[in-house]
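Chains as they are written, first to last, in our numbering: chain S, 1 to 195; chain X, 1001 to 1602.
No wet-lab data here; the hints were simulated from the structure. Check the hints yourself; a few may be wrong.
[What the hints assert, rightly or not] Once the Cα atoms are required to be at most 27 Å apart in a straight line, the calculated BS3-like pairs of lysine-lysine come out as:
1) S:K190 - S:K65
2) X:K1456 - S:K53
3) S:K123 - X:K1379
4) X:K1505 - S:K53
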Amino acid sequence: MKNCLRIAIIAGLLIISALTFAPSQAGAASKTYKRTVERYHIPDIALINQEGKNVRLKSLVDSGKPVIVDFIFGTCTTICPVLSASFTSLQNKLGADSEKVHLLSVSIDPENDTPRVMRDYLKRYRAKPGWDFLTGSRKDVDTVMKSFDAYISNKMSHYAVTFIHMPGGNSWIRIDGITSTSEFIEEIKKAGLAL
Amino acid sequence: MHRLYFPTSLIAAVCLLTLLSFLPPPTVWCAGIVAAAPLPPPEEVIRLGERMYRDGILPSGSTMQAVIRDDVQVHGASFSCVSCHLRSGIGSIEGQILSPPTNGLKLFKPYYQYNPVIPDPNKPPPKNMMDRPDAKPFYRPAYTDETLAAAIRFGVNPAGRELNPVMPRYEIDDRDMSILIAYLKTLSAEHAPGVSPKEIRFATVIAGTVPPDQRTEMLAVLDAVIKDHNAKAKKRNKHLNYGDNRIVDASFNYPFFTLSRWELTGPPETWGSQLEEYYRKEPVFALLGGMASGSWQPMHDFSEQHKIPCLLPVTDLPVVSDSDWYTLYLSKGAWQEGDTAARYLDRIAALPKEARVLQIVEESATSRAVADGFEAAWKELTRAAPVTVTLGRGEQLSVSDIQQKIRKEKPDVILLWTSGQTGTILSGLAAGSAAPKRVHVSSTLLGSGLAQVPEKARPFTFISYPYRLDEGKELFHVNARAWLKKNSAPVTDLRISSKLFALTKVFLEPFQVVKRDFNPAGQGSGLVIMEEQFEMMLHVRRNYYRDYLLDVIGMMADANSLAFERVSFGPGQRYISKGCYIIKLSPGAQPNLIKESDWVIH
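So that you can see chain S by itself, here it is in the shape it has in the complex (with noise of 0.2 Å):
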């Protein structure tokens, strides 16, 4: 009996230690953004695009396409390349249909981020076309940042978020962390766009 109770004691312990140590299936399942509907008001200024163009951000929003829009920089550590990578999954998914959605990544560091740097990053992340990243003066950046309540005067405490707008309204979806692809495709369907 003392020697039943003994193994039986060392396999809880083990079931436990276990279970202790196991990956937590659970951690990873949950949330870890925040949707809203929000409506911004879209300023009618000039940006500058990877090939150094200028465009009007209004016009790119009211393209009559669907416009996702997120904020990052070039020499990004951690935020932005995660951001972008849902970009480039969801441009995979489209496949040749890339351009039938508008992807607009605005730059935080405008200072260093010229054409040429933009275009590298784009490279970098395999971007297709319907993919821009618009840089501009500090001034008009700020402007942008301001207009989808986004403003952060250092770069470096910059935050996940992201902007989806259908085209024939001016209301934005707005999700606030870091999304996965299934999720960020979800939402993106639920905002109306058929994938």
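Using the hints provided, position chain X relative to the given structure of chain S.
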């Protein structure tokens, strides 16, 4: 009474099966033990491991593949280890995400990380940070090769805790994993040369013939920053002052700084070997400031070769590179002025594509650097190369010569990258029958003689100007000037002290002396690594690694500047001032500078 009887072997088997069902697949815990093919020699293993860590390229040459947030596919070119854990492996903080250390010294020891908490003035100071009840510590056991492989592949630490979902889960086989782990064991494993418990040595390089007033101004600022640190360290090494009359004995020793002067003489070709000799006699942690009569190239090459940071040399002739690592420049110097002129003409002046550009270049390194900057940007903007006239050393361009060139080339724009003769040439152009539409000149080449631009030429003369246009009246500027004055550093038109004031940020901030307590085990000599979270100062974490100094600077917030309109930082960015104005001059002997462009032109 009936007794239940369980055979021992059955219980053991059930336990074992239960245990195995909770463990990750065998590849996880076998990783690193079995290598598929023999490993290359140790030096090659480190080179291949470094390439995996920095570039995300497997030893086979293929790109590393990974998954983040369960299903976001990423590849090594966009998401290598260095993206988050940085070159030194000491980690980073960006936004809400803290990337912990991945250097061997810390990976293979138990790791305890705590939040810095401001002491409660109503309670006696704790003996050390771990005693603080409101600290929120993070603990993990030491990694082994096997558990580290599991973390890299499946995102699970040795305590079984899942890592942040943005940590990629890499697809790496056993052999490649052993190569990566071998590299991590060497990463930031020992403090850099020039560091001892009592002092950290620095040097400044004065190469060639540097005018005495320039040399005096530079050394005054360097001496001031060293003095500033040492005075604070001296005070802090005696006692810890929490304020409100609570003083306790110091628990951490701040090393003092020393600064040597490395004087290089003779032709620039010999500077490299002179630097080697100085370094052999006296290894230093980093180089500060510095001046040279000519290009900074020899010092730049020395820094790259020996992996020695060089912070803010005062030079108009930096090395312009996208990938070099060890020299942090104030700006791209004269090169930036040419680059700005090209971008201004393309975007703001909207010069037609077919417009003709005549470029006059003197036989000097500075003139050539301005032209190089212009030509590189002009090419990037897909413009036809300018027609270039290169003057021989000391050659003066006569008015008739330039008029002849103009008649021949019929340029829409003249780029006059000349120095002392600029005023004369501009006077000649203004006196001609048809004044040119626009002439671009460089303020660095003009030197202190901006007023040499004759009044009649000012309407068509555009000047590249890489400094701020006002003195700066914000509190930052007032305090900065007061600091220089207090430390007897002259603020002159040479702009040396106003440029080097940035050292109080890029040099003093990383080594900041703070009024906090420390746990002495943090240095890595103890059995357990303990350090504060959310602090990137070298002293606080005692990570005296050269790459880490540059990693820390890369994480700094953008800032004000005495000399420039703005300075900015970022991982891998090596020119802190990235802007330049295009200006014109108002009439008069003391002309005003009239802004024709923004600070940064894309």
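Handout entry: Proposed proximity, K65 (chain S) with K190 (chain S) (alpha carbon, max 27 Å)
Key = 16 Å, holds
Problem - K1456 (chain X) paired with K53 (chain S) [C-alpha distance capped at 27 Å] - result: 35 Å, violated
Handout entry: Given pair status - K1379 (chain X), K123 (chain S), alpha carbons within 27 Å
Key = Roughly 20 Å between the alpha carbons, so the hint for K123 (chain S) and K1379 (chain X) holds.
Problem - Restraint check for K1505 (chain X) with K53 (chain S), where alpha carbons must lie at most 27 Å apart - result: Not satisfied, since the Cα-Cα distance of roughly 36 Å exceeds 27 Å.
Checked against the numbered hints given earlier, the structure breaks hints 2 and 4 and satisfies all the rest.
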